[in-house]
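Starting from the known structure of chain A, fit chain B onto it as the hints suggest.
For the protein sequence lines, the chains are A and B, in the order given.
Counting with our numbering, you get residues 1 to 459 for the letters of the first sequence.
Counting with our numbering, you get residues 1 to 459 for the letters of the second sequence.
One or more hints might be untrue.
Any copy, or any two copies together, can satisfy a pair, since identical chains are not distinguished.
[Stated by the list, open to error] Calculated pairs, EDC-like style, for lysine to aspartate or glutamate (alpha carbon to alpha carbon, straight line, at most 20 Å):
(1) K20 <-> E256
(2) K57 <-> D81
(3) K10 <-> D26
(4) K57 <-> E73
(5) K187 <-> E166
(6) K225 <-> D35
(7) K46 <-> E73
(8) K225 <-> D255
(9) K187 <-> E62
By construction, these hints were calculated from the structure, which means they are not laboratory data.
2 protein chains.
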Amino acid sequence: MNDRFELVEKALLKMLEQKKYAALRDILVTMNPVDVAGLFDVLEEKQIPILYRLLPKELAAETFVEMEPEAQELLIRGFSDSELREVLDELYVDDAADLVEEMPATVVRRILQQADPEMRSSINQILRYPENSAGSLMTTEYVSLRAKMTVGEAILRIRRTGVDKETIYTCYVIDDNRILLGLVTVKDLLLALDDDTPIESIMETNFVCVTTQDDQELVAQTFSKYDLLALPVVDGESRMVGIVTFDDAMDVMEDETTEDMEIMAGMLPSEKDYIHASIFDLFKQRIPWLMLLMVSATFTGVIIQSFEDALAAQVALTAFIPMLMDTGGNSGSQSSVTVIRALSLNELRFSDLPKVIWKEIRTAVCCALVLAVACFGKIMLVDRLLMGNAAVTPMVALVVCVTLACTVCVAKFVGCVLPMVAKRLGFDPAVMASPFITTIVDALSLLLYFTFAKAMLGL
Amino acid sequence: MNDRFELVEKALLKMLEQKKYAALRDILVTMNPVDVAGLFDVLEEKQIPILYRLLPKELAAETFVEMEPEAQELLIRGFSDSELREVLDELYVDDAADLVEEMPATVVRRILQQADPEMRSSINQILRYPENSAGSLMTTEYVSLRAKMTVGEAILRIRRTGVDKETIYTCYVIDDNRILLGLVTVKDLLLALDDDTPIESIMETNFVCVTTQDDQELVAQTFSKYDLLALPVVDGESRMVGIVTFDDAMDVMEDETTEDMEIMAGMLPSEKDYIHASIFDLFKQRIPWLMLLMVSATFTGVIIQSFEDALAAQVALTAFIPMLMDTGGNSGSQSSVTVIRALSLNELRFSDLPKVIWKEIRTAVCCALVLAVACFGKIMLVDRLLMGNAAVTPMVALVVCVTLACTVCVAKFVGCVLPMVAKRLGFDPAVMASPFITTIVDALSLLLYFTFAKAMLGL
Numbered sequence: 001m002n003d004r005f006e007l008v009e010k011a012l013l014k015m016l017e018q019k020k021y022a023a024l025r026d027i028l029v030t031m032n033p034v035d036v037a038g039l040f041d042v043l044e045e046k047q048i049p050i051l052y053r054l055l056p057k058e059l060a061a062e063t064f065v066e067m068e069p070e071a072q073e074l075l076i077r078g079f080s081d082s083e084l085r086e087v088l089d090e091l092y093v094d095d096a097a098d099l100v101e102e103m104p105a106t107v108v109r110r111i112l113q114q115a116d117p118e119m120r121s122s123i124n125q126i127l128r129y130p131e132n133s134a135g136s137l138m139t140t141e142y143v144s145l146r147a148k149m150t151v152g153e154a155i156l157r158i159r160r161t162g163v164d165k166e167t168i169y170t171c172y173v174i175d176d177n178r179i180l181l182g183l184v185t186v187k188d189l190l191l192a193l194d195d196d197t198p199i200e201s202i203m204e205t206n207f208v209c210v211t212t213q214d215d216q217e218l219v220a221q222t223f224s225k226y227d228l229l230a231l232p233v234v235d236g237e238s239r240m241v242g243i244v245t246f247d248d249a250m251d252v253m254e255d256e257t258t259e260d261m262e263i264m265a266g267m268l269p270s271e272k273d274y275i276h277a278s279i280f281d282l283f284k285q286r287i288p289w290l291m292l293l294m295v296s297a298t299f300t301g302v303i304i305q306s307f308e309d310a311l312a313a314q315v316a317l318t319a320f321i322p323m324l325m326d327t328g329g330n331s332g333s334q335s336s337v338t339v340i341r342a343l344s345l346n347e348l349r350f351s352d353l354p355k356v357i358w359k360e361i362r363t364a365v366c367c368a369l370v371l372a373v374a375c376f377g378k379i380m381l382v383d384r385l386l387m388g389n390a391a392v393t394p395m396v397a398l399v400v401c402v403t404l405a406c407t408v409c410v411a412k413f414v415g416c417v418l419p420m421v422a423k424r425l426g427f428d429p430a431v432m433a434s435p436f437i438t439t440i441v442d443a444l445s446l447l448l449y450f451t452f453a454k455a456m457l458g459l
Numbered sequence: 001m002n003d004r005f006e007l008v009e010k011a012l013l014k015m016l017e018q019k020k021y022a023a024l025r026d027i028l029v030t031m032n033p034v035d036v037a038g039l040f041d042v043l044e045e046k047q048i049p050i051l052y053r054l055l056p057k058e059l060a061a062e063t064f065v066e067m068e069p070e071a072q073e074l075l076i077r078g079f080s081d082s083e084l085r086e087v088l089d090e091l092y093v094d095d096a097a098d099l100v101e102e103m104p105a106t107v108v109r110r111i112l113q114q115a116d117p118e119m120r121s122s123i124n125q126i127l128r129y130p131e132n133s134a135g136s137l138m139t140t141e142y143v144s145l146r147a148k149m150t151v152g153e154a155i156l157r158i159r160r161t162g163v164d165k166e167t168i169y170t171c172y173v174i175d176d177n178r179i180l181l182g183l184v185t186v187k188d189l190l191l192a193l194d195d196d197t198p199i200e201s202i203m204e205t206n207f208v209c210v211t212t213q214d215d216q217e218l219v220a221q222t223f224s225k226y227d228l229l230a231l232p233v234v235d236g237e238s239r240m241v242g243i244v245t246f247d248d249a250m251d252v253m254e255d256e257t258t259e260d261m262e263i264m265a266g267m268l269p270s271e272k273d274y275i276h277a278s279i280f281d282l283f284k285q286r287i288p289w290l291m292l293l294m295v296s297a298t299f300t301g302v303i304i305q306s307f308e309d310a311l312a313a314q315v316a317l318t319a320f321i322p323m324l325m326d327t328g329g330n331s332g333s334q335s336s337v338t339v340i341r342a343l344s345l346n347e348l349r350f351s352d353l354p355k356v357i358w359k360e361i362r363t364a365v366c367c368a369l370v371l372a373v374a375c376f377g378k379i380m381l382v383d384r385l386l387m388g389n390a391a392v393t394p395m396v397a398l399v400v401c402v403t404l405a406c407t408v409c410v411a412k413f414v415g416c417v418l419p420m421v422a423k424r425l426g427f428d429p430a431v432m433a434s435p436f437i438t439t440i441v442d443a444l445s446l447l448l449y450f451t452f453a454k455a456m457l458g459l
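Extracted from the complex, chain A is given alone in its bound form (with noise of 0.2 Å):
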């Protein structure tokens, strides 16, 4: 799919800077906003307000929407009031105020003096909602019913009212206080036997709702549960202010996965995308892990001192250690990235430990054996035989082997019981991901070595 667009991309750039401007934007008005909007990415600054004013009124607002903060401040700036007011009319409310807090604070100015005051309002509501609450994400613009209406006069409501507003496919039923009572979908509605029929009669009373100060990741994880298309956010008194619609939630989702990858490998999470984040950006989200990783090290180092006499005696011995390390490193990692996600998404609880744990044991004392034994025999034959390593001892490769199966054991162990535990705790299970399994297991597999060198080659 890439490569197809990256072609398309080159030739309508060709054409842009061939001036051929009657012919792109006849090409233009086929292509969905978004795949325009990506246009926008790989155009130099100067080419960004040419482009632009080449789409027809409609399709510029909707690609407006999909650009990337850079290319919406530059056209922003060079925007008319005129200009600025025809886009912002075209905006959800919700998209607006995601524009409001992407902006810098003149051109943050200039879109609240342009916006009419219904969505002056409605964007100043929005953000004063905690950033990644469900307040935060939602947007005003809704159907909303009474119950004593019939399905006719909500139809026709719909149809009068229903052009701002971002779905229409949920409507939702409030009674004078705005406390809502019940949804009524437009397929209920179109489907009911009878324009008569009151809406409190069909409506759904049994829904599911968030409040605004919800955190995102709950709106998300609510979404994928019950498979909604829109989900009502009310506040701390049952009345209704907003809807979050799927397209945001999928957004949120997308954001908490990444976030999750970027823990789990040991960096802080960053609100910017790869391509937008500056080296600074990137550095800030990197370095503490490292130092603090490269700090905890010291332990596995000061293990290796405290046995340096049993390595000098048996120099074979540190060979093994990256093998050892990186096995028990990643048989950890393994289990504990499956808990976590398992964890994200529901399927475990804190009560499973037990069920888990021996699900875990079991596992590790599989893949234990079948390792032990392959290790050895590659020991024997390839460093004893193949290498003719003489120092390598059956009992040398037996103590390796040993550990290995030990190792991996632990591994598994603390990979499966830490992130439940952490969760337990109200941290997020994945800081319990590989970085920090590895250095939990490095120091117990080197401790467990030498423990079995020193007991079975009597060092």
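Chain B alone, transformed into the frame defined by chain A:
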């Protein structure tokens, strides 16, 4: 959210045990089918049919769809033919096809016997498409319209035929040969000014669609790129054969993310949830990479062996091996995970490679300098002064820190290049994550370490 559910669940299970069926039923009918299905997961086998028979017919069918395959199979085996038919009548075709895929042959035969002929043929059609293709995901129940219809006729058609369709909100305009001509949303229809407007004048002809053979990953990416509710699926001759709805696309997104995370943690992707996977499933998923990585660690062993003399002359060097390897591994996996994620979100293309390398190198240099200085300070303070290890001379510390700095740079370079090259060559970039990068970086960091040690310490 979880805790609250656990309390409600416990209360409901207690009512079931105490046979307070009427009261239990009164609560169940107020619950969302997804939550009712969750109850079945924690029931004992013999309780499952009891609880199921408490549910009113429609809720029973809605709950059935959401259950785990184990509970579904148990229930079907206990169903009379007419009970089975009732449930099948309530299922959408894509859910029925999923059910058929999950069940053993004897159960499948009964399902196909009881399904009405139209559903049977649709199920068979869906099952013919390759696993994980758009065809296997789709449903064949959608609203089709003709270009010459008027808005009024279209609304009438939806009201007459919509009850069995999974979504009515996007309707598909086809010609006599079932070629897909355009889309019309119910919003367009309801907001059309005049009921006599012909469909062809308001239909959207620039639509996105996939073919039956396209991979489900492309389907999921298309949904999130264009924020779709439903995506039309056409055959090789552009004939409309079905639609994928957003709930199935969200499930695919979740599955693909899980798969990415599994691969990144050095596991083969699994088809089953963690909680339903057997020990053997987990073993099969985990052992191949563990084995491969263990064997490839032979290289690190060989490197250490060939520098045995240097190590024997300066035993203090050994203690820093784990720290160097881990920091290298962590630096590399930070870069690789960032790049892998950006690739899977389509934020990066292969042509961005020089930009990415330049970005990573500069970030690496910043991280490397800070880490090296901190490490030098730590070694001199902790290892030399605090622990009184006279063998750790300033020169040894310098060797360690120079190696550390170089390792971080090499690791970040390898970490960003390998996933992009893998993607270019048609492999899954996720394979180039932590375990794989670690193995390569380990070997490189050891080579650097001993080279610097020999040169700077004159070993």
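Hint check:
1. K20 <-> E256: Neither, since 43 Å and 42 Å both go past 20 Å.
2. K57 <-> D81: within (15 Å within a copy, 59 Å between copies)
3. K10 <-> D26: Classified as within: same-chain Cα gap 16 Å, cross-chain 63 Å, threshold 20 Å.
4. K57 <-> E73: Within. Shortest intra-copy distance 18 Å satisfies the 20 Å Cα cut-off; inter-copy 56 Å does not.
5. K187 <-> E166: both (17 Å within a copy, 10 Å between copies)
6. K225 <-> D35: between (30 Å within a copy, 9 Å between copies)
7. K46 <-> E73: The answer is within: 13 Å in one copy meets 20 Å, while 63 Å across copies does not.
8. K225 <-> D255: both (17 Å within a copy, 14 Å between copies)
9. K187 <-> E62: between (27 Å within a copy, 17 Å between copies)
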